[in-house]
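As a plain string of letters, each chain reads:
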Amino acid sequence: MSTVCVSDVDLVTRARQGDPGAFGELVERHRLAVYRAALAALGSPADAEDAAQDAFVLAYRRLDSFRGDASFKTWLLSIAWHQAINRRRSLTSVWRRMVMPRTEDEAESVLAGIAAAGPTPEQAAGQEQLRRGIREAIRALSPKLRDALLLAQAGEYSYEEIGAMLHAPLGTIKWRVSEARRVIRKRLQERGHGDVG
Amino acid sequence: MWDEPLNTTIDEVARQMTEGAPGDGAAFRRRVIARIRNGESPRRRWRVSFVLTAIAAAAAIVVALFVAREPRPGPLGPGGTAVPVSQTPPLPVANPAANGTALQVTAHATPDPIVRSPRASSPGVVKTTPALEPNTVASIAVAPLAVDTLTPESLHLEQLETIAPITVAPIDIPDAPRRNQ
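Chains A and B, in that order, give the protein sequences. Under numbering that gives the first Met the number 0, the first residue of the first sequence is numbered 0, with each subsequent residue one higher. Under numbering that gives the first Met the number 0, the first residue of the second sequence is numbered 0, with each subsequent residue one higher.
With the rest of the complex left out, here is chain A (with noise of 0.2 Å):
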């Protein structure tokens, strides 16, 4: 039967029922986002893997518990959310990042920017400077404000489902967000980056 006009609610309900296609429907759709809140808390593509299929994993034991009051995906990723901080906390988590620090793909990063942009080698260099120096500020922020900036440019969630989340209003994820820029730009300008842009 085809499912590519059904709704996440009906998956559900299939779900539910014991189809087992139905739920591997809701996986397709919503892996992506998922696996992107992970990788917003996590900060590590192996992490984020692991922790989308815990959530799926446990979003399929408690399929009864969900009642419909927020949609699926909400839901889904609350629990996504939660799983991923859970793992963030973990020892191994923390005994992970402190061994196989971020420095290849970094590097990588840094080669491809200054290879992709900018019409003189030097202005190339000095953003992707800029770039690298964003990037050290954005993990140096406080776990509340990176969270927010990430989860909101990701661009595979609303406001609201930020929210959901994070479990605070509207009205404050986007204060985080506008806060998360601000101590960003202050950590540049002391760093000599005032002039770039």
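Source of the hints: derived by calculation from the structure; they are not laboratory data. Any given hint might turn out to be false.
What the hints assert, rightly or not - The calculated DMTMM-like cross-link candidates involving lysine to aspartate or glutamate, where the alpha carbons are at most 20 Å apart (straight line), are:
1) K143/A x D10/B
2) K173/A x E159/A
3) K72/A x E27/A
4) K185/A x E127/A
5) K185/A x E3/B
6) K143/A x E159/A
7) K173/A x D10/B
8) K173/A x D2/B
9) K185/A x D2/B
10) K143/A x E155/A
11) K173/A x E3/B
12) K72/A x E18/B
13) K185/A x D10/B
14) K173/A x E11/B
Claimed, not checked - On the chain B side, residues computed to face chain A include the following (Cβ under 7 Å):
15) L5
16) N6
17) I9
18) V12
19) A13
20) R14
21) T17
22) A20
23) P21
24) V31
25) I32
26) R34
27) I35
Predicted, not measured: the structure shown is a model, and the values here were computed from it. Just so you know, even glycine gets a beta-carbon here, dropped at the ideal spot from N, CA and C.
Assemble chain B onto chain A, guided by the hints.
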């Protein structure tokens, strides 16, 4: 002002930090379904790794303690046999008062009962070690210790006065029965 273009760059970098997809979509879906069918617990995998890490750390500490406490083998002698490690070296101490000679420490050549030999459990392993001659240590003459005898003054304590025994009589309270009532 340069806030607006910088905000745009910040947003772009933030978007790049959350870009990506979980590998092959179909493979991801298959893995999730397989885990559901196997009845695997969502948190089991990282819990297992957490527990394994703790166990490995504890095992490493135990091994380190064991290695640190194990006595080191002595140098290997001719034929691959170890030179005995003298646990309690004989120290013949001459009585200084008797003949006034020095305290003598002599190395002895008699083998100690505790001798490390190549393990019989590894018959295929033949250790080729250079033949070492036993150590010969000459006698060391140490001057005798001369200690003067101390003669402390005797302690003199004064006798304490004797105190007459104190007798205690019970206190008579006339209205005690009334209070109890």
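Results for each hint:
no. : hint            : in the structure
1   : K143/A x D10/B  : holds (16 Å)
2   : K173/A x E159/A : holds (10 Å)
3   : K72/A x E27/A   : holds (12 Å)
4   : K185/A x E127/A : holds (18 Å)
5   : K185/A x E3/B   : holds (14 Å)
6   : K143/A x E159/A : holds (16 Å)
7   : K173/A x D10/B  : holds (14 Å)
8   : K173/A x D2/B   : holds (17 Å)
9   : K185/A x D2/B   : holds (10 Å)
10  : K143/A x E155/A : holds (18 Å)
11  : K173/A x E3/B   : holds (17 Å)
12  : K72/A x E18/B   : holds (19 Å)
13  : K185/A x D10/B  : holds (15 Å)
14  : K173/A x E11/B  : holds (17 Å)
15  : L5              : holds (5 Å)
16  : N6              : holds (5 Å)
17  : I9              : holds (5 Å)
18  : V12             : holds (4 Å)
19  : A13             : holds (4 Å)
20  : R14             : holds (4 Å)
21  : T17             : holds (4 Å)
22  : A20             : holds (6 Å)
23  : P21             : holds (4 Å)
24  : V31             : holds (5 Å)
25  : I32             : holds (6 Å)
26  : R34             : holds (5 Å)
27  : I35             : holds (5 Å)
Consistency note: the structure conflicts with none of the earlier hints.
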